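Trainee: Each chain, letter by letter, is given below.
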Amino acid sequence: MTIPIDVETKHRIVVVLLWLAALVALAVLAFIIAVVLWNGLPAVTLSFLLESPRDMGRAGGIFPMVVSTVAVTLLAVIVAAPLGVGTAIYLTEYTSETALTRVIRFGAECLAGVPSIIFGLFGFIFFVIQLGMGWSVLSGGLTLAVMILPTVMRTAEEAIRAVPESFREASFSTGASRWQTVTQVVLPSALPGIVTGVILGVGRGVGETAAVIFTAGSSLHIPTSVFSPARTMAVHFYILAREGISMRHAYGTAAVLVILILAINTAANWLMLRFQAKQG
Amino acid sequence: MSKGLGHSTRAVSASWLAAAIVVAMALAGCGGRGGRRALVLAGSTSVQPVAELIAEHYEVEHPHHSVNVQGGGSTAGVRAALEGAADIGMSSRALKPDEVGLEPIVVARDAVVLIVHPSNRTTDLTPEQVRAIYTGRITHWSDVTGPKWSSDDRRDDIITLVTREEGSGTRSAFEEGVMAKADITPRALVQDSTGTVRAIVASDPNAIGYISLGMVSSEVRALTYGGVQATEETVEEGTYALARPFLLLTRGAPSGEAGQFIRFALSDEGQQLVVRAGYLPVRRLDP
Amino acid sequence: MTVARREKAIERALLVSALSAVSMLALIAAFILIEGAPVMLRHGISSFLAGTRWAPTKGSFGILPMIVASVVVTLGAMVIAVPLGLSCAVFLAEIAPRRAANFLRPAIQLLAGIPSVVYGFVGILFLVPLIRENLGGPGLSVLAAVVILGVMVLPTLIGIAEDAIEAVPRTYKEGALALGCTHAQAIRRVILPAARGGIIAAVILAMGRAVGETMAVIMVIGNAAIIPCSVLDPARTLTSNIALEMGYAAGDHQKALFATGVVLFAFIMVLNSIATMRIVRGRR
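Residue numbers (the numbering used here), protein chains in the order written: chain A, 1 to 280; chain B, 1 to 287; chain C, 1 to 284.
Hints may contain errors.
Claimed, not checked - One-sided excerpt, in silico: chain A residues whose CB lies under 10 Å from chain B: (1) 53; (2) 55; (3) 57; (4) 58; (5) 135; (6) 213; (7) 238; (8) 242; (9) 263; (10) 266; (11) 267.
Think of the hints as simulated: they come from the structure by calculation, not from any bench.
Owing to the predicted nature of the structure, the values given are computational and were not obtained by experimental measurement.
All C-beta atoms, glycine included, are put in the ideal place defined by N, C-alpha and C.
Could you put together the complete structure from these sequences and hints?
Mentor: This is the structure:
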């Protein structure tokens with residue numbers, strides 16, 4: 001015999017469960033961030049941020065790593081964002097659902113599941129050796145771009161797809177071309193979703209280790225060009241922690257990384273809110 | 001529609017332009033780069049920190065010379081040196097008989113020590129005991145040291161066995177020194193770095209593992225092996241059996257930039273850096 | 001250039017960019033296949049896939065224990081991440097007060113950027129002892145990997161699913177409420193089905209991340225190459241196997257690792273096909 005629960009109570013139960021889910025997720029997040037900052041912030045001083053590492057990384061700072069991280073990730077986004085959004089536009093606006101579009105989408109989804117170590121090996125053999133780029137910001141950035149492409153692409157596609165048909169019809173009825181419609185109506189409307197995809201991609205890229213270490217290398221120097229090898233902060237943490245060189249500096253690096261991501265995400269979200277406000 | 005929309009067309013075009021520039025630069029780079037090439041070392045992750053420390057000081061001594069140190073593991077280092085991907089390979093184990101064509105130069109020595117949790121009352125293990133533990137024949141601490149094996153007697157005593165991955169120079173040294181052709185049990189837990197082996201042993205009272213002498217910290221306890229403690233003297237004399245060389249490998253005799261670097265590593269200054277990194281020098285240094 | 005010609009040119013450019021992703025995938029797939037297929041065929045596909053002994057230096061290439069571990073770990077991670085993540089996404093999009101949502105959303109995106117090695121270390125320092133002292137076993141276990149992976153894919157899932165739910169037009173919800181549904185009913189019967197496409201995309205991408213994650217899993221799963229009998233046993237996934245041995249493998253051993261990559265590829269393709277088929281059936 002089931003207990004009859006009335007609809008209002010069911011609704012309240014659901015709301016409570018949802019609050020619980022959010023709190024659990026928040027608790028886990030807070031815990032991880034707390035561990036990183038608790039162990040890491042003591043090591044983060046101005047000299048830590050501005051100096052180069054000394055003594056195998058036990059002393060000195062992480063300035064080259066900060067530069068490397070920004071360089072590699074920026075390159076990855078510059079390559080992946082246009083390609084991903086371009087693909088999404090093509091799939092939704094310029095074709096109907098055909099075998100080709102299904103293949104493209106399926107291909108992107110499978111790409112998302114390739115292990116990071118395979119990306120590293122592939123990037124090493126293709127970019128570092130075959131194309132002769134060597135261990136460099138370029139090799140690392142291009143490999144990362146391929147890694148984050150699926151996320152950017154699929155997110156952008158869903159965001160564009162969600163733009164109501166009526167928007168487009170209104171635009172066409174004023175005589176705008178397809179491209180004009182895309183850039184002036186669809187994209188601005190889909191922007192929040194696209195930005196989410198880019199932010200997730202950036203997050204993945206900044207935290208990636210296996211793929212980067214095989215392609216951008218682990219040099220301790222400040223990269224002076226896209227052809228210089230680079231050690232990102234994630235790789236630096238990886239090496240410091242795994243070789244047991246200095247947990248203190250490892251956590252310090254992680255703390256700086258967390259703050260950097262926070263800054264990037266906040267900036268992106270803020271820019272987007274301003275852009276949307278301008279839309280009226 | 002407001003004025004802001006014009007921006008999105010520009011933004012889209014700008015990002016396409018940026019992508020095009022990147023691709024153009026990438027293609028331009030295919031022809032190779034001019035200018036001084038950096039010296040590349042690759043191989044053992046155990047040797048990497050020492051090599052980086054030496055490189056740091058080498059670069060101070062020789063400005064405009066650049067040294068890049070990569071990891072990958074001892075075996076990867078051997079291959080990189082053979083294939084020319086690296087100027088100097090780094091290995092934390094002796095070369096195998098089939099690894100010919102390389103000139104090995106010992107730049108440091110290291111001891112592999114067994115570590116346990118500080119609460120573990122064991123202080124020494126004989127070679128036979130270590131072999132029995134690592135082949136899985138002995139599975140409980142009380143079989144090794146008797147019922148009072150831990151300072152917390154309420155705990156169960158199943159040994160948590162930790163080993164390094166097969167490509168590790170540390171593992172090779174351990175296997176050659178201890179196992180004598182017997183296999184480490186497939187039930188052993190495999191970790192692929194010193195730091196994680198140490199972290200696991202530090203947090204699990206039942207754990208046993210092996211790491212480099214230079215990496216022992218206060219959160220674990222090093223055991224004596226066959227009654228011998230690992231120190232500079234015992235390693236030099238040979239009484240501590242689990243010692244291994246840190247090798248720099250070159251194709252043929254070292255020459256040019258590589259030779260200069262290796263000479264620096266073997267100099268007094270280089271050897272003092274080895275000691276600073278926590279390892280043992282190849283010869284006695286004057287105080 | 002006339003508008004029509006410019007449109008055509010733009011369309012072609014977009015097609016090129018669309019093909020870029022597929023061609024990269026094809027390249028990677030070809031790369032793994034060329035290296036891995038010969039050894040798989042030579043030793044026999046069935047003994048490769050069903051063999052239980054992995055001792056590459058002695059010529060044994062059975063990867064069944066790793067396949068079991070990968071399947072269990074991936075599905076387990078999704079069991080944690082999907083309910084928790086979807087609930088969070090619904091919460092953020094529908095229930096949370098505006099200010100809380102604006103704080104929670106970037107906070108969850110932050111989780112996405114934490115390096116996998118950091119997750120691994122937090123796992124070793126906190127999760128593993130927790131499991132060992134309260135549940136038994138060495139702590140380094142399938143369970144530890146499942147929990148860590150579940151947490152790692154959560155931000156991706158929440159981020160994309162939330163956007164999908166946000167994007168459902170207001171009118172749908174207003175219509176449902178006007179007809180007398182409670183908020184919960186409106187969510188379940190109108191909003192979620194409307195957001196189906198995006199939610200499935202979120203799940204697929206999260207699943208891909210779970211299958212492909214290497215670093216964090218290696219650190220907490222124990223990597224003993226045996227078939228796990230319980231979630232408290234250590235195990236070795238296909239990705240851990242590749243990462244542990246690639247640095248030193250040579251000859252057939254190396255090719256066997258690439259063959260493992262082929263199996264992983266097939267695995268992810270199967271998973272994605274199943275998930276995609278569910279949308280198609282749903283949309284009809």
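Trainee: Please go over all the hints and tell whether each is borne out by the structure.
Mentor: Hint check:
Interface hint at residue 53 of chain A: satisfied, since its Cβ lies 8 Å from the closest Cβ of chain B, which is below the 10 Å cut-off. At a threshold of 10 Å, the smallest CB-CB gap from residue 55 of chain A to chain B is about 6 Å, leaving the interface hint in force. Among the interface hints, the one on residue 57 of chain A holds; its C-beta lies about 8 Å from the nearest C-beta in chain B, closer than the 10 Å criterion. With a cut of 10 Å, the hint placing residue 58 of chain A at the interface with chain B holds, because the nearest CB-to-CB distance is about 9 Å.
Hint status for residue 135 of chain A relative to chain B: holds, with the closest Cβ pair at about 7 Å, below 10 Å. For residue 213 of chain A, the interface hint holds, since its Cβ comes within 10 Å of a Cβ in chain B; the closest pair sits about 7 Å apart. Interface hint status for residue 238 of chain A: upheld, as the beta-carbon distance to the closest one in chain B is roughly 9 Å, under 10 Å. Taken as an interface hint, residue 242 of chain A checks out: its beta carbon lies about 3 Å from the nearest beta carbon of chain B, inside 10 Å.
Taking 10 Å as the C-beta cut-off, the interface hint given for residue 263 of chain A is violated, the closest approach to chain B being about 21 Å. For residue 266 of chain A, the shortest C-beta to C-beta distance to chain B is roughly 20 Å, which exceeds 10 Å, and the interface hint is violated. With a least beta-carbon distance of about 15 Å to chain B, the hint placing residue 267 of chain A at the interface is violated under the 10 Å criterion.
In this structure, the earlier hints numbered 9, 10 and 11 are contradicted, and the remaining ones agree with it.
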